Each structure stands twice: as structure tokens, then as C-alpha cells.
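Residue numbers (the working numbering), protein chains in the order written: chain Y, 1 to 192; chain R, 1 to 192.
Note that these hints are calculated values from the structure, not bench results. Values in this document were obtained by computation on a predicted structure and should not be read as measured data. Warning: the hint list may mix true and false statements.
Which copy? The list can't say, so a pair holds if one copy fits it or any two copies do.
[As the list claims (entries may be wrong)] Capping the alpha-carbon separation at 25 Å, the derived lysine to any residue pairs in SDA-like fashion look like this:
hint : residue 1 : residue 2
1    : Lys51     : Tyr69
2    : Lys121    : Glu53
3    : Lys41     : Asp163
4    : Lys121    : Phe56
5    : Lys121    : Ser111
6    : Lys41     : Ser164
7    : Lys41     : Leu103
8    : Lys121    : His47
2 protein chains.
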Amino acid sequence: MSRWEPNTVERLQDAAMTLFHERGYSNVTIADIAEHAGLTKRTFFNHFPDKREVLFAGSSALEERVEGYILASDREQRAIDVAISALAAAGQTLSRYSEGARLRRDVIDSSPELQERSLIKLASLARVITAGLVARDPEVRGATLVAESAVTVFGAAYSAWADSPTSDFPEHMDNVLAELRTAIVAASPAPR
Amino acid sequence: MSRWEPNTVERLQDAAMTLFHERGYSNVTIADIAEHAGLTKRTFFNHFPDKREVLFAGSSALEERVEGYILASDREQRAIDVAISALAAAGQTLSRYSEGARLRRDVIDSSPELQERSLIKLASLARVITAGLVARDPEVRGATLVAESAVTVFGAAYSAWADSPTSDFPEHMDNVLAELRTAIVAASPAPR
Numbered sequence: 001m002s003r004w005e006p007n008t009v010e011r012l013q014d015a016a017m018t019l020f021h022e023r024g025y026s027n028v029t030i031a032d033i034a035e036h037a038g039l040t041k042r043t044f045f046n047h048f049p050d051k052r053e054v055l056f057a058g059s060s061a062l063e064e065r066v067e068g069y070i071l072a073s074d075r076e077q078r079a080i081d082v083a084i085s086a087l088a089a090a091g092q093t094l095s096r097y098s099e100g101a102r103l104r105r106d107v108i109d110s111s112p113e114l115q116e117r118s119l120i121k122l123a124s125l126a127r128v129i130t131a132g133l134v135a136r137d138p139e140v141r142g143a144t145l146v147a148e149s150a151v152t153v154f155g156a157a158y159s160a161w162a163d164s165p166t167s168d169f170p171e172h173m174d175n176v177l178a179e180l181r182t183a184i185v186a187a188s189p190a191p192r
Numbered sequence: 001m002s003r004w005e006p007n008t009v010e011r012l013q014d015a016a017m018t019l020f021h022e023r024g025y026s027n028v029t030i031a032d033i034a035e036h037a038g039l040t041k042r043t044f045f046n047h048f049p050d051k052r053e054v055l056f057a058g059s060s061a062l063e064e065r066v067e068g069y070i071l072a073s074d075r076e077q078r079a080i081d082v083a084i085s086a087l088a089a090a091g092q093t094l095s096r097y098s099e100g101a102r103l104r105r106d107v108i109d110s111s112p113e114l115q116e117r118s119l120i121k122l123a124s125l126a127r128v129i130t131a132g133l134v135a136r137d138p139e140v141r142g143a144t145l146v147a148e149s150a151v152t153v154f155g156a157a158y159s160a161w162a163d164s165p166t167s168d169f170p171e172h173m174d175n176v177l178a179e180l181r182t183a184i185v186a187a188s189p190a191p192r
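Build out the structure end to end from the sequences listed, making use of the hints.
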């Protein structure tokens, strides 16, 4: 099997990335993507509801892995540790996308429409983490805040990783969390 | 001047909030809002580009106040303190909206479309804070992470404040920041 025939979803993703890069996101149609992949528009719509989703194909699988990790985690672990570990572990599977990671990030950064979809995906990920933390420990405090902060760390770690996709993703998570801790810890109360 | 004639923007906002509450967001048209406010659709479009924006009318003013506060801040202050103080100070002017704050939050929570717009507004606020922190101190480290965390705190503080809108907004900011600090500080590195 050649590089271009692994499976339909990947062919569509590869075609979309190539065309977005060459022509700019807004100048590419779904018909263009399907044609470039040697498939039909109908096949595209069997896999993606719209043009934007082709860039976020892995997001449900990521959410499922994160949720599974949280539910299986040691109950003694602190919520922030669980959330960060879950995202670090799930994020390691991003290596499958390493070749196109920087291009994908740059395409998203170039389009307000894609930035919106990215925000929605990250908010959804934070909700999954919040629900997982609560299911794991109904007494947990500040689950939403922990989940949103963990996702903020994930976003920054992802961006750093996309710049050098052969690097270790969990290490980026650790580095960003350390940076956040340094930035937040000694903060004084807001003046009145 | 009666409560219903302070100015056009406020009349449209009040009408929209009333109708969203009574009928649900998706069942209200712009024509309904204009009619309820005793105005025309054309007047509505003079002030808002679409139905969603009527709920976010104060967001540009909020951004301007936050930016002004950051640029005027003491250069000795840490970035997180500046960002939190700016949001606490700007947020105090939310008291003008205190009567409808909980209703507004519940309307937004009821509609995925409005949640998306809210995410976009918060992301825009984070970008304004990042740019302000960099303009104030080009050597600042982790400005994006600080800005995004401050906006996470703002979101949680806003939600807590909306539950009891006569309470002190900056106090909510302090409480949430303290909660975030407690949650993040002792976190250990992610396991490999």
C-alpha cells in the first residue's frame, strides 16, 4: 500500500492539508479535496460534516483516550496531576500526525473560522476532563478550573511540539505546567 | 427618562434578554427584539451585526478598559498580577449589568451557538491581554499563558458573580485565583 492509500480518512486529510497549504484554506472547496484524494464529495461527507472538521479528525479519539485515562487513574492522585497526565499520555498518540503538525497549526492560525472550531474543540475537551474528574471523585473541588487550566497547558504544549514534532510531547506538558506554576504562584491579591 | 428609554442599545439589550428568557434564544428573531423595544430592524442592525452580538455588547469596552489598565500599570508588578488586576478593575463596571447577569449567563449556557460566541470573546480578551503585557514589557515571559490563565479565572469569577451580582467582583477574582493556585502548585511532573 502506498503512502496515499492508507485509508479514506487519511487520504482526505492529506489532500486537504496539501491544498490548504498551496491555495489557502478559504480558496479550497470540498470538491477540490475529494478530487485531489481521488474520491467523491459523497465519500467526504460520509466521514466529515464540513470542511473544517477535516482538520480535527482526531479530536473524538483524543477525548476518549483522555476520559479513559482519568477514569482508570489512581484515586490518590491530585486532580491537576491526573488531568495533565491524561493529556500527556493521549497527546503522545499525536506522533501519527507529526509530519503535518506545524502545517496544520499554521493553517488553523491563518483562518478565524478554524480558530473558532479549535476553541470549541478545546472547550469540549475541558468538559470531558471536568466530567471525568467528577466521575472519578464526586468530592473533587474546582474540577472545571483544573480542567480548563490543563487544557490551556495542552494548547501551549501542542504549539511548542508542532514546532519540533519529533520532540517528546509529555516533556512539553511538564515544561508548560512548570512555567504556569511559576507565573501563578507568587501572585498577590488584586488591589481594590 | 423611564427605565425603558435610557438609550437605543440598552433598550435592544433589555428586549432581547426578556424575549430570550420567555421564549428561548432560538425562538426569537431580530424583528421580535426590535418590535419589543419599539424600534425597527434597521435600528437593530445599526448597533449589532447579528442576534448573538446583542448579548456581548459590552465586550469591546471591556477590552479597552483592560488594555488601558495594563498599559498604565506599574512596570514592577508581575504579569499575572497586572492581568488579574486589570480584569478585576474592568469587571467592576459589570455592575451596570448586575440585574440581568444570571439570566444572561443562563441564556448563553442554553445555546451552543452562544457558547461559541462567548469562547471567541474570551479568546479575543486573552489576545488583548497578551498584546498589552508584551507592549508594557517586551521582555515578559509566558505572556500568552498568563493571559489565558487570567481569562480562565475571569470566566469562573464572572459565573460566581452572576449567581450573586451584588457581591464584589474583584473578591471573586481573588478567590478563584487562590483556588487555581492551590490546585496547580503542588502538581508533580506527568509520568512517562
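task: With 25 Å as the alpha-carbon cut-off, assign the pair Lys121 and Ser111 to within, between, both or neither.
output: Both, since 15 Å and 16 Å are each at most 25 Å.
message: At most 25 Å between CA atoms: does that hold for Lys51 and Tyr69 within a copy, between copies, both, or neither?
response: neither (30 Å within a copy, 40 Å between copies)
- request: Since the copies are identical, ignore which copy is meant and state whether Lys41 and Ser164 lie within 25 Å (CA to CA) inside a copy, between copies, both or neither.
  value: Answer is neither: 34 Å inside a copy and 51 Å across each miss the 25 Å cutoff.
query: How would you label the pair Lys121, Glu53 (within, between, both, or neither) given a Cα cut-off of 25 Å?
result: both (10 Å within a copy, 22 Å between copies)
- prompt: Is it within, between, both, or neither for Lys41 and Leu103, if the alpha carbons may be no more than 25 Å apart?
  reply: Result: close within a single copy only, 24 Å intra versus 43 Å inter.
- prompt: Is it within a copy, between copies, both, or neither that the alpha carbon of Lys121 lies no farther than 25 Å from that of Phe56?
  reply: The answer is both: 8 Å in one copy and 22 Å across copies each meet 25 Å.
task: Up to 25 Å between alpha-carbons, please classify Lys121 paired with His47: within, between, both or neither.
output: Close inside one copy (17 Å), not across copies (30 Å); limit 25 Å.
query: Using 25 Å as the alpha-carbon threshold, which applies to Lys41 and Asp163: within, between, both, or neither?
result: neither (32 Å within a copy, 48 Å between copies)
Of the hints listed earlier, those the structure fails to meet are numbers 1, 3 and 6, in rising order.
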